[in-house]
Amino acid sequence: MSSFAALVAGFTNPIETLADFDARVLLDAGCSPARVREFVKVHTAYYGKTRFTRKQANAIKVARSTQKSMDQLVYIESRVAPFPDPAEKWRLRLALLSVPGNYDTLKRRAKDIVPEVDKPAPEPTVRYGRSNKKRRPVTIMALEEDAAAIEFATRQNLKDGPAGPQMYEKLMAILGLRPSEDDTPSGIAPAVPRPLVLIPLDEHITIMKGDGDDVILGLTDGTTMTGAEFLAKNFGDVLEVAMFHPQEGPVNLYATQRFANQKQRDLARATMPTCPVPDCRHAADNCEVHHITAWSRGGLTNMNNLAMLCRYHNRTNDDDPAKPHHGRVENIRGAPMWRSPNGYLIPNTVHPFGAMTLLYGR
Numbered sequence: 001m002s003s004f005a006a007l008v009a010g011f012t013n014p015i016e017t018l019a020d021f022d023a024r025v026l027l028d029a030g031c032s033p034a035r036v037r038e039f040v041k042v043h044t045a046y047y048g049k050t051r052f053t054r055k056q057a058n059a060i061k062v063a064r065s066t067q068k069s070m071d072q073l074v075y076i077e078s079r080v081a082p083f084p085d086p087a088e089k090w091r092l093r094l095a096l097l098s099v100p101g102n103y104d105t106l107k108r109r110a111k112d113i114v115p116e117v118d119k120p121a122p123e124p125t126v127r128y129g130r131s132n133k134k135r136r137p138v139t140i141m142a143l144e145e146d147a148a149a150i151e152f153a154t155r156q157n158l159k160d161g162p163a164g165p166q167m168y169e170k171l172m173a174i175l176g177l178r179p180s181e182d183d184t185p186s187g188i189a190p191a192v193p194r195p196l197v198l199i200p201l202d203e204h205i206t207i208m209k210g211d212g213d214d215v216i217l218g219l220t221d222g223t224t225m226t227g228a229e230f231l232a233k234n235f236g237d238v239l240e241v242a243m244f245h246p247q248e249g250p251v252n253l254y255a256t257q258r259f260a261n262q263k264q265r266d267l268a269r270a271t272m273p274t275c276p277v278p279d280c281r282h283a284a285d286n287c288e289v290h291h292i293t294a295w296s297r298g299g300l301t302n303m304n305n306l307a308m309l310c311r312y313h314n315r316t317n318d319d320d321p322a323k324p325h326h327g328r329v330e331n332i333r334g335a336p337m338w339r340s341p342n343g344y345l346i347p348n349t350v351h352p353f354g355a356m357t358l359l360y361g362r
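If you're matching positions, the sequence shown starts at 1 in UniProt numbering and goes up one per residue.
Read the hints as simulated data drawn from the structure, not as lab findings. Don't take each hint at face value.
[Stated by the list, open to error] Quick list of the computed label-pair ranges, beta carbon to beta carbon: (1) Leu158 with Val8: 43 to 49 Å; (2) Asp214 with Ile113: 24 to 30 Å; (3) Arg51 with Asn132: 48 to 54 Å; (4) Arg24 with Leu345: 48 to 54 Å; (5) Tyr312 with Thr224: 21 to 27 Å; (6) Pro137 with Arg109: 32 to 38 Å; (7) Pro165 with Arg91: 46 to 52 Å; (8) Ser2 with Thr293: 48 to 54 Å; (9) Tyr312 with Lys263: 25 to 31 Å; (10) Lys61 with Arg281: 38 to 44 Å; (11) Leu7 with Asp214: 51 to 57 Å.
Keep in mind that this is a model prediction, so the values were computed, not measured. Virtual Cβ for every residue (Gly too), placed ideally from N, Cα, C.
Construct the entire structure; sequences and hints are all you get.
Right, dumping it as structure tokens:
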């Protein structure tokens, strides 16, 4: 075995080695103190004092049999840390240790095993960092409706090229810091969600009866509101109604032109209120209309061939299905879904309020 292979072996099944763990030896060897602190937590869990000695011994056996790596053990401790009850910690730890596979598999399965911890929402705030080469970081934690309004305003009429620098200049103009460069008026208008009716009938009745406090509605700008907040927004007497077929999706609007009309954009936004690529957070309001079968390949501007994709994924989508590289979006039973280069269909669950999900449970 080579020296590198021996090093890897120590990290891929380290549960036995941890018995002789010594933090000072690692620190003296030049290891990161933060990394050493993570190792200390792992060592304490498996070899520290506990009244759950049987569970601890069983955990060591399971970790050995599933060949948990050091990184996996560190990740498991990070997931069980928020739970104050030691018994609950051990239950979750053993469940996570039993998951076979690599690091990514463990992270994916952990979402189903570890319950969500209800943390208080962070306070809206602004932070400023130190200047460096005439640049200075600004970090904002905003209310989601404020962030949606800012993002919408700064994404309007973006040109080809990186979006970030363009959005920065638009924001500076809105703040009045670029008065000589354009006539953009200062100020950002609040985001006013358009009330597309995507609500299952039973929940709509609940809202109209005035009992909508517990009904959560998803908007196409990536935010949410309760049914009670929906009524309080004073949208007026006119609502737009979108019709969806349980298999085909939104009602088809045929067009022979390349660019989608506003009704088609609205239906596409309602079908999938975010970019459909997994874990992409971009709201449909800030996305571009994408032809699932490319216009250059004969794809029509019909509802079953349209999806809302963010700028990045619209440009990296594999328009040629015979040459998979980045993955591509397909229409699956009326809703856009991403297919990986390896052929797997993976939904985006970041903002699960699309019409086909709300109306038909998918």
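What are the numbers of the hints that this structure violates, sorted from low to high? Violated hints: none at all, because every hint is consistent with the structure.
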